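J.: All chains, full assembly: derive it from the sequences and hints.
Residues in the sequence shown are numbered consecutively from 1, following our numbering.
What the hints contain is simulated information worked out from the structure, not anything from laboratory work.
Predicted, not measured: the structure shown is a model, and the values here were computed from it.
Any given hint could turn out to be false.
[Unchecked claim] Calculated pairs, SDA-like style, for lysine to any residue (alpha carbon to alpha carbon, straight line, at most 25 Å):
id, residue 1, residue 2
1, 67, 47
2, 51, 32
3, 17, 79
4, 17, 118
5, 51, 76
6, 51, 71
7, 51, 61
8, 3, 16
9, 61, 10
10, 3, 52
11, 51, 31
12, 17, 168
13, 67, 175
14, 51, 10
15, 51, 4
16, 67, 28
17, 61, 18
18, 3, 54
19, 61, 71
20, 3, 70
21, 3, 51
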Amino acid sequence: MSKHHMVVLPEQGRPVKHQLKAWLRRNPQFFPPGTDANYGTSHRLRSGLEKMGWLLHIGSKEVLVIKPDETGSTSYATSLLDHSDDGEAEAPAPDITDENQSPEITFGLERDLQSALRTNIEQLEPGLSIVDGGRERTTEAGRLDILAEDRDGNLVVVELKSGRATSDVIAQTLSYMTAIAEEEARPVRGAIVAGEFTDRVISAARAVPNLDLFTYSYLFSFSPAA
1 MSKHHMVVLP EQGRPVKHQL KAWLRRNPQF FPPGTDANYG TSHRLRSGLE
51 KMGWLLHIGS KEVLVIKPDE TGSTSYATSL LDHSDDGEAE APAPDITDEN
101 QSPEITFGLE RDLQSALRTN IEQLEPGLSI VDGGRERTTE AGRLDILAED
151 RDGNLVVVEL KSGRATSDVI AQTLSYMTAI AEEEARPVRG AIVAGEFTDR
201 VISAARAVPN LDLFTYSYLF SFSPAA
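T.: Structure follows, in structure tokens:
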């Protein structure tokens, strides 16, 4: 069974946990040299952070990567280490790009999904057209899977997730939307495409009027081999 990888940060004097890859995507300045939160493994990311002076604690259900505070100490997280293996804490939603789904598989599925949408973006919504020149656009918040425009002239940030999307995808997509809105000075919408969504994601999306969720499915075709 794979362990959940979490970063621990000092927030208002107490330790707070965040999913490792989701937090690194929102804070790319903390990427260990030579790593990438989108396609790197959690083992490589945690090793890189440990080399940068972060404390690594491996429990039975979680791997905690603890960021030193302003004084260089990690003692603020002692309470978490004392209880990390007692099973009382609520288990976080799994990171779908963790060891339970290899980065190569995730990368391939999302690339295939992106390729299918770029071939016919109107299957997502009639009237959409791609405006990123056929390649992922880079913003201050990160790389966009697809940037499109709807029939009303609004830009549409399309974020793709293979498998099940967890709650961090909302913040990630909103950060992309904000970056594009600031760069283009135009109205921006968001569209998240995934195999399925957690109830938390669905509830959170309802509070964002310009954000839509879409699920995808596979269609197989067969032909004689000879």
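J.: Hint by hint, note whether the structure agrees.
T.: Going through the hints against the structure:
1. Of the pairs offered as hints, the one joining residue 67 and residue 47 holds, with about 13 Å between alpha carbons and a cut-off of 25 Å not exceeded.
2. Using a Cα cut-off of 25 Å, the hinted pair residue 51 and residue 32 holds, with the two alpha carbons roughly 8 Å apart.
3. With a C-alpha separation of about 12 Å, the suggested pairing of residue 17 with residue 79 holds against the 25 Å cut-off.
4. Of the pairs offered as hints, the one joining residue 17 and residue 118 is violated, with about 36 Å between alpha carbons and a cut-off of 25 Å exceeded.
5. With a C-alpha separation of about 20 Å, the suggested pairing of residue 51 with residue 76 holds against the 25 Å cut-off.
6. Restraint check for residue 51 and residue 71: the C-alpha separation of about 18 Å stays at or below 25 Å, so the hint holds.
7. For the given pair, residue 51 sits about 23 Å from residue 61 by alpha-carbon distance, which is consistent with the 25 Å threshold.
8. Annotation: proposed proximity of residue 3 to residue 16 holds, straight-line Cα distance about 18 Å (limit 25 Å).
9. The straight-line distance between the Cα atoms of residue 61 and residue 10 is roughly 21 Å, inside the 25 Å bound, and the hint therefore holds.
10. Proposed proximity of residue 3 and residue 52 is supported: the alpha carbons are some 22 Å apart, at most 25 Å.
11. For the given pair, residue 51 sits about 12 Å from residue 31 by alpha-carbon distance, which is consistent with the 25 Å threshold.
12. This hinted pair checks out: residue 17 and residue 168 have alpha carbons roughly 13 Å apart, not beyond 25 Å.
13. The suggested pairing of residue 67 with residue 175 holds, with an alpha-carbon distance near 23 Å, which does not exceed 25 Å.
14. For the given pair, residue 51 sits about 19 Å from residue 10 by alpha-carbon distance, which is consistent with the 25 Å threshold.
15. Of the pairs offered as hints, the one joining residue 51 and residue 4 holds, with about 20 Å between alpha carbons and a cut-off of 25 Å not exceeded.
16. For the given pair, residue 67 sits about 15 Å from residue 28 by alpha-carbon distance, which is consistent with the 25 Å threshold.
17. For the hint pairing residue 61 with residue 18, the CA-to-CA distance comes to about 15 Å; that is within 25 Å, so the pair holds.
18. For the hint linking residue 3 to residue 54, the alpha-carbon distance of about 18 Å falls within 25 Å, and the restraint holds.
19. Of the supplied pair hints, the one linking residue 61 and residue 71 is violated, its CA atoms being roughly 29 Å apart against a limit of 25 Å.
20. Under the criterion of a C-alpha separation no larger than 25 Å, the hint pairing residue 3 with residue 70 is inconsistent with the structure, at around 28 Å.
21. Pair hint residue 3 plus residue 51 holds up; C-alpha atoms about 20 Å apart against a cutoff of 25 Å.
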